[in-house]
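Residues per chain, in single letters:
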Amino acid sequence: MASQFAYAPAPESRSVVDIAPSYGLFIDGEFVEAADGKVFKTVSPSTEEVLSEVARAGEADVDRAVAAARKAFEKWSALPGAERAKYLFRIARIIQERSRELAVLETLDNGKPIKETRDADLPLVAAHFFYYAGWADKLDHAGYGANPRPLGVAGQVIPWNFPLLMLAWKIAPALATGNTVVLKPAETTPLSALFFADVCRQAGLPKGVVNILPGYGDAGAALVAHPDVNKVAFTGSTAVGKEIARTVAGTRKKLTLELGGKGANIVFDDAPIDQAVEGIVTGIFFNQGQVCCAGSRLLVQESIHDELLDSLKRRLSTLRLGDPLDKNTDIGAINSAEQLARITSLVEKGTAEGAEAWSPECELPSSGYWFAPTLFTDVTQAHTIARDEIFGPVLSVLTFRTPDEAVAKANNTQYGLSAGIWTEKGSRILAVAGKLRAGVVWSNTFNKFDPTSPFGGYKESGFGREGGRHGLEAYLDV
Amino acid sequence: MSDRLSVFKTYKLYVGGKFPRSESGRVYEVTDAKGKWLANAPQSSRKDARDAVVAARKAFGGWSGATAYNRGQILYRVAEMLEGRRSQFVHEVAGAEGLSKSKAAEQVEATIDRWVWYAGWTDKIAQVVGGGNPVAGPYFNLSSPEPTGVVTVLAPQESSFLGLVSVLAPVIATGNTAIVIASERSPLPALSLGEVLATSDLPAGVVNVLSGRTAEIAAPLAAHQDVNAIDLAGADEALAKELEIAAADNLKRVLRPQPVDDWSATPGTDRMTAFLETKTVWHPTGSLGASGSSY
Chain A
1 MASQFAYAPA
11 PESRSVVDIA
21 PSYGLFIDGE
31 FVEAADGKVF
41 KTVSPSTEEV
51 LSEVARAGEA
61 DVDRAVAAAR
71 KAFEKWSALP
81 GAERAKYLFR
91 IARIIQERSR
101 ELAVLETLDN
111 GKPIKETRDA
121 DLPLVAAHFF
131 YYAGWADKLD
141 HAGYGANPRP
151 LGVAGQVIPW
161 NFPLLMLAWK
171 IAPALATGNT
181 VVLKPAETTP
191 LSALFFADVC
201 RQAGLPKGVV
211 NILPGYGDAG
221 AALVAHPDVN
231 KVAFTGSTAV
241 GKEIARTVAG
251 TRKKLTLELG
261 GKGANIVFDD
271 APIDQAVEGI
281 VTGIFFNQGQ
291 VCCAGSRLLV
301 QESIHDELLD
311 SLKRRLSTLR
321 LGDPLDKNTD
331 IGAINSAEQL
341 ARITSLVEKG
351 TAEGAEAWSP
361 ECELPSSGYW
371 FAPTLFTDVT
381 QAHTIARDEI
391 FGPVLSVLTF
401 RTPDEAVAKA
411 NNTQYGLSAG
421 IWTEKGSRIL
431 AVAGKLRAGV
441 VWSNTFNKFD
451 PTSPFGGYKE
461 SGFGREGGRH
471 GLEAYLDV
Chain B
1 MSDRLSVFKT
11 YKLYVGGKFP
21 RSESGRVYEV
31 TDAKGKWLAN
41 APQSSRKDAR
51 DAVVAARKAF
61 GGWSGATAYN
71 RGQILYRVAE
81 MLEGRRSQFV
91 HEVAGAEGLS
101 KSKAAEQVEA
111 TIDRWVWYAG
121 WTDKIAQVVG
131 GGNPVAGPYF
141 NLSSPEPTGV
151 VTVLAPQESS
161 FLGLVSVLAP
171 VIATGNTAIV
181 IASERSPLPA
191 LSLGEVLATS
201 DLPAGVVNVL
211 SGRTAEIAAP
221 LAAHQDVNAI
231 DLAGADEALA
241 KELEIAAADN
251 LKRVLRPQPV
261 DDWSATPGTD
271 RMTAFLETKT
281 VWHPTGSLGA
291 SGSSY
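Residue numbers (full-length UniProt numbering), protein chains in the order written: chain A, 1 to 478; chain B, 1 to 295.
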C-alpha cells in the first residue's frame with residue numbers, strides 16, 4: 001500500500017559527471033592500454049547499465065607501474081616535506097571542488113546512496129588528504145625518531161565498498177611520508193580511482209608518484225608479490241589477507257592488513273532506546289551493510305529485547321530502498337551480482353539453521369542488485385550468520401543477561417575490528433570498552449570515522465592502523 | 001684429602017609457575033664454548049609447547065588487567081632478585097658464551113639494568129603511544145595501547161641472557177604473557193631465569209620458559225591458534241620464513257628477525273609496540289547548540 005505521505009522523487013543530476021566510454025591504466029602520469037589489451041566492463045549496480053570499459057591490468061602492467069613508481073621515488077622522497085605537503089593540500093582542495101562530481105560518480109559505480117557519498121565519503125576523502133598533508137613536513141615530530149625514512153614503492157589493494165575513501169586512506173599517508181604508490185582498485189569499482197588520476201594531473205603531481213591499475217585479483221596478487229615493492233597495504237577479506245601474509249613471508253616488505261569483522265553492538269537495558277535504534281540502523285544498514293566494521297551482531301539485554309525489537313522493526317519500515325541517486329534513498333544497491341549471491345546464500349543458511357528472518361515490506365527494483373534490510377532473531381552463537389561476515393544489510397540479534405555475558409559473546413569471534421556499547425552508565429561503558437577485543441569501540445554512537453583517529457583490528461581483522469599519527473608508521477622505516 | 005664433590009643441578013622447564021621436566025622425557029647435552037659438558041637441558045616437545053600456551057592464556061587476563069604500576073613493581077622485583085643471584089648468572093653466562101668472568105659480569109649487569117629500564121616503561125608507554133584524537137565532530141575519542149595477548153618469543157641464539165631479557169621484558173612489560181624458547185645452544189641462563197621469575201611475585205604463567213630445539217618447538221607455536229604474536233629473533237632466515245607462513249593462519253603479529261649488532265645498546269620502544277594493539281574508543285560529547293558554549 002502506497003503511503004499517503006510518499007516522497008516525491010528527488011534525483012541528483014548525473015550531468016555533473018562525464019564518464020568516458022573507455023579508460024586506460026594510469027601509469028607514469030599517462031593513461032595507457034593494458035599490455036595484453038585486455039579490458040573489462042564496469043556496471044552500475046542499481047541498473048546494470050554499462051558505465052565504461054576499463055583496461056584490465058596484468059603482470060606486465062604491474063611491472064611497468066612498479067618501475068614508474070620506483071623511478072619517481074627518488075625525487076619524490078627527496079622533496080622537502082613542505083613541498084610534498086603542498087601537493088597533498090592541492091589534492092584535498094581539488095577533491096572538495098569536485099566533490100559533487102565524484103559523489104555522483106561513486107554512487108553510479110558503487111550503488112551506494114548519494115546521501116552517503118555526498119555527506120560521508122567525499123568529506124572524509126578530502127579530510128584525509130588535508131590531515132596527512134599536514135604531517136608531510138612534521139614527520140620528525142611524529143614519535144618515530146628524527147628524520148624517519150619512507151619505505152619506497154607501496155603496493156596497495158583496496159576494496160569496492162568505499163572505493164574513493166579507501167584510496168584516500170592508502171594514498172594520503174603514503175605520499176605524505178615520501179613513498180610512491182601503485183594502487184589497484186577493485187574490479188567492480190574502478191572509476192573513482194581513475195578520476196583521482198585526473199585530480200593528480202590537475203594538482204601537477206609528478207609523474208609516476210601515483211599509478212592506478214584497475215584489475216582483478218590476479219593483478220593484486222602480482223602487485224603484492226612484486227619483488228620491487230617495499231610495502232603492501234591491503235583492505236579486503238580475511239581469506240585474501242592471510243594469503244597475502246603468506247606471500248610476503250620471509251621478505252622485507254612491510255605489511256598492513258584491514259580485514260573482515262563481525263562487530264558486536266551491545267545494548268544494555270538502560271540505553272536510550274531511540275538513540276540505540278538509530279545507532280543499530282547506522283551500524284548495519286550504512287552502505288548496505290557492506291562495511292567491515294559493521295555492527296552485524298546485535299547483543300540486546302534480555303529484559304529489553306521485545307521493546308527494542310519493536311522499535312527497530314518500526315524504524316526499519318521507514319527506510320527507503322531504491323535509486324541511489326535519489327537524495328531520499330537510505331538503502332542503495334548491493335555492489336555486484338556476486339556479492340548479492342553471497343548475501344542471499346548466507347541468509348538462506350540462517351533460515352535453514354533455525355533463525356527467524358524478518359524484513360520490512362519493501363519493493364525491490366526490477367533491475368540491478370538489491371537486498372531488503374533483514375534482521376534475524378532466535379540466533380545462537382553457533383549459527384553461521386552469527387559467525388561469518390555477511391557484508392550485507394543483514395543483522396543477527398542475540399541476547400545476554402549480564403555485562404560479563406555480553407563481553408564474552410562479543411569477543412566470541414575470530415574477528416576484532418569494531419564494537420558498540422549503548423548504556424547511560426559511564427562506568428559500564430569504560431568497563432566494557434576495556435574488555436572488548438576490538439580496535440574501535442563506539443559508545444552511544446556507531447560508524448564514526450575521522451582522519452585523526454587510528455582505525456584497525458585485533459585478531460583476524462588484521463594488523464596495523466590507518467588514520468591518525470599511528471597511520472604514519474605503516475609507511476615509515478621504523 | 002680430596003676436593004669437595006660439587007652438587008649438580010637438574011635444569012627444568014618453567015611452565016605455569018611450575019618446574020616440569022619435558023613431557024617427552026628427553027634431555028640434550030649442553031656444553032660450554034670448549035665442548036665441556038655443563039648440564040643436561042630438557043628437550044621440550046610440542047606437548048610442552050601446548051601446555052605453555054594454556055598456561056600463558058590462563059595468566060593473560062590477570063596480568064593484562066593488573067595496573068601498570070603493579071606490573072612495574074613486579075618487573076623491578078625481578079631485577080632485585082637477579083641482582084641477588086648475580087654471581088650465579090655470571091658463572092652461567094661465562095660458560096654459555098665462552099666469556100671471561102669480567103665480560104660475563106658486564107653482560108649480567110647490562111641484563112639487570114635492562115629489566116630496570118623496562119620496569120619503568122610499564123606505566124609510561126600508554127602516554128607515549130596513545131592519546132586523545134582531535135576529531136572533527138562532537139565526539140571525545142581516545143586511542144590506547146593494549147597487549148596483543150599470548151606472545152611466543154624465540155630468544156636470540158647468541159646472547160643467552162642479555163639477548164633473552166631484551167626480547168622477553170618488553171613483551172611482558174606491556175601486559176602480554178610469553179612463551180620463550182631459550183637459546184638452543186646456551187639455554188641454562190634462561191632456565192635459571194625461570195627460578196628467579198618464580199620468586200619475583202610474577203604470576204604463574206606470565207612467562208613460560210622452554211628449552212630444546214628451537215625449530216621443533218617453534219613450529220607448533222607459530223601454528224597455534226591461541227597464540228597471538230611471535231618474535232622471530234632467534235630464527236634463521238629459512239626458519240623465520242617457514243614460521244611466518246604458519247603464523248599467517250590466524251594472522252599472528254610477527255616481529256621478523258632484526259639485525260642487532262649490540263644487545264647492550266639502549267633499545268627503543270619498537271619491541272613493546274610490536275606487541276601492542278591500539279584501541280580507539282569514541283563517545284559523543286553532546287552538542288551545546290549553535291550559540292556555542294553555555295558555560
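Hints listed in this document are in silico derivations from the structure and should not be mistaken for laboratory results.
From a predicted model like this one, the values you see are computed outputs, not experimental measurements.
Using N, Cα and C, we set each Cβ at its ideal position, and we do this for glycine too.
Incorrect hints may have been included.
Unchecked claim - Think about it this way: if two alpha-carbon atoms lie no more than 25 Å apart in a straight line, the pair counts; the simulated BS3-like pairs of lysine-lysine are: (1) A:435 / A:409; (2) A:242 / B:241; (3) B:124 / A:138; (4) A:435 / B:124; (5) A:75 / A:207; (6) A:115 / A:435; (7) A:313 / A:448; (8) A:448 / A:425; (9) A:409 / B:58; (10) A:435 / B:241.
Said to hold, decoys possible - Cβ-to-Cβ under 10 Å is the rule here; a few derived chain A residues that face chain B: (11) 37; (12) 40; (13) 238; (14) 244; (15) 246; (16) 421; (17) 429; (18) 435; (19) 443; (20) 450; (21) 459.
Do the hints match the structure? See the list:
no. : hint          : result
1   : A:435 / A:409 : holds (12 Å)
2   : A:242 / B:241 : holds (14 Å)
3   : B:124 / A:138 : holds (23 Å)
4   : A:435 / B:124 : holds (21 Å)
5   : A:75 / A:207  : holds (11 Å)
6   : A:115 / A:435 : violated (35 Å)
7   : A:313 / A:448 : holds (23 Å)
8   : A:448 / A:425 : holds (21 Å)
9   : A:409 / B:58  : holds (18 Å)
10  : A:435 / B:241 : violated (33 Å)
11  : 37            : violated (35 Å)
12  : 40            : violated (30 Å)
13  : 238           : holds (7 Å)
14  : 244           : holds (8 Å)
15  : 246           : holds (5 Å)
16  : 421           : holds (9 Å)
17  : 429           : holds (7 Å)
18  : 435           : holds (9 Å)
19  : 443           : holds (5 Å)
20  : 450           : holds (4 Å)
21  : 459           : holds (7 Å)
The earlier numbered hints that this structure contradicts are 6, 10, 11, 12.
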